[in-house]
Amino acid sequence: MAPAVMDGDDPVIAEYDVFITPEMEQQLYVLQYLNRRPNQPFVKSEGAVPSEVRVKEQSGFIEVDVALPMKTNFNRQAGVRWGEAMRKTKQFGQKAYGIASGFERAMPRASRPGAPPGEVTAQPALDDNGNEDEYIANFEDANEKGHVLNTQTYGGQLVKEDGKGPTYMLGTFKKNQLHLTRLNGLVQLRTQFHHLDAINQLEAAQRRREKESQDGAKPTEPKAFMPTVKKAGGDTAAEITQAFMKATNSEKWDKLMYHYEDADASYAAFEERLFLADTKDAPKLHSSMSDDQYLDAISAPSSGKGLKKKSSHKRPETVDISDSDDDVEKTPAKAEDAEHAAP
Numbered sequence: 001m002a003p004a005v006m007d008g009d010d011p012v013i014a015e016y017d018v019f020i021t022p023e024m025e026q027q028l029y030v031l032q033y034l035n036r037r038p039n040q041p042f043v044k045s046e047g048a049v050p051s052e053v054r055v056k057e058q059s060g061f062i063e064v065d066v067a068l069p070m071k072t073n074f075n076r077q078a079g080v081r082w083g084e085a086m087r088k089t090k091q092f093g094q095k096a097y098g099i100a101s102g103f104e105r106a107m108p109r110a111s112r113p114g115a116p117p118g119e120v121t122a123q124p125a126l127d128d129n130g131n132e133d134e135y136i137a138n139f140e141d142a143n144e145k146g147h148v149l150n151t152q153t154y155g156g157q158l159v160k161e162d163g164k165g166p167t168y169m170l171g172t173f174k175k176n177q178l179h180l181t182r183l184n185g186l187v188q189l190r191t192q193f194h195h196l197d198a199i200n201q202l203e204a205a206q207r208r209r210e211k212e213s214q215d216g217a218k219p220t221e222p223k224a225f226m227p228t229v230k231k232a233g234g235d236t237a238a239e240i241t242q243a244f245m246k247a248t249n250s251e252k253w254d255k256l257m258y259h260y261e262d263a264d265a266s267y268a269a270f271e272e273r274l275f276l277a278d279t280k281d282a283p284k285l286h287s288s289m290s291d292d293q294y295l296d297a298i299s300a301p302s303s304g305k306g307l308k309k310k311s312s313h314k315r316p317e318t319v320d321i322s323d324s325d326d327d328v329e330k331t332p333a334k335a336e337d338a339e340h341a342a343p
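Residue numbering for the sequence shown follows the numbering used here, starting at 1 and increasing by one per position.
Everything labelled a hint here was simulated from the structure, so no lab data went into it. Check before you lean on any hint, since a few could be wrong.
What the hints assert, rightly or not - No farther apart than 35 Å at their CA atoms in a straight line, the calculated lysine-lysine pairs in the DSBU-like style are these:
1) Lys-56 <-> Lys-95
2) Lys-284 <-> Lys-174
3) Lys-88 <-> Lys-246
4) Lys-44 <-> Lys-95
Please build the complete structure, drawing on both the sequences and the hints.
Okay, here's the thing in structure tokens:
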């Protein structure tokens, strides 16, 4: 087999003027749906438009609810069962599920002994599934009243720029121009199974209620306590994780307004946010580093002793002593000058 012939030419086929858009107060995130096919975008024509987007700004969690196609390949019985589980757990006070809630689960309040008749306690019927057949028979009405799980949730945690890692930028092209916009964060979204968390939560609440019915509700009694001085600490990995989970559970969701891809508002934001309007008067970028400084910055340290000093790119001067006078005494070159000696 004859060796491949390598073409030494490397022609430039295109040139672009690069512009950087100015900073704005609005945050720009890229959402990557890992288990969503590229040929299934979230557009109105596909019948899959996100119905709600919510974010926890401090902890960085974000969730996207996407409407499910109800008319094709939809299990109505499972939809009613899971929808009821979500509805009942939200009555307990559950605001989030999984890691976005710090893995905390709200439980129904037990009836207090001697509570006044007017006191309202969150005691939904945990094991009452007698209405499922009715909801299935009147499916459209049940769906409108919130008894059906009709959305699929994608969730993940934002990876924000912290100044230590790489800076990601979003590039958009316009003719021979490339416009770069700095990203504030990147998030990889995966399908969330909150309905299964709700089912497990209902089962745990049912076991707890059965135990209370057998043992009886324990009356509240005064307890003696001994005050102790606790060390501040809080710097171990377990303590940091515990504090993060607690803060995540207490943080509230902020709901965002979502415009699907084909909406006019999306095109307007695309033109306004991702392009530099005035390209004629845009200031030119100048590097603050020379070529040698750039090479030093990207070079790896040698043997853990730091970067070696780059030698000058100038060719060293040599002295031809082949035709020198015989009277001139020739002395051997010093050891430190050996590497600069002419061949």
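A quick look at each hint next to the structure:
Distance check on the hinted pair: Lys-56 and Lys-95 sit about 12 Å apart at the alpha-carbon level, within 35 Å; holds. Between Lys-284 and Lys-174 the CA atoms are separated by roughly 19 Å; this keeps the pair inside 35 Å, and the hint holds. Under the criterion of a C-alpha separation no larger than 35 Å, the hint pairing Lys-88 with Lys-246 is consistent with the structure, at around 23 Å. Proximity of Lys-44 to Lys-95 is assessed by CA-CA distance (about 28 Å); at most 35 Å being required, the pair is judged to hold.
The structure meets every hint from the earlier list without exception.
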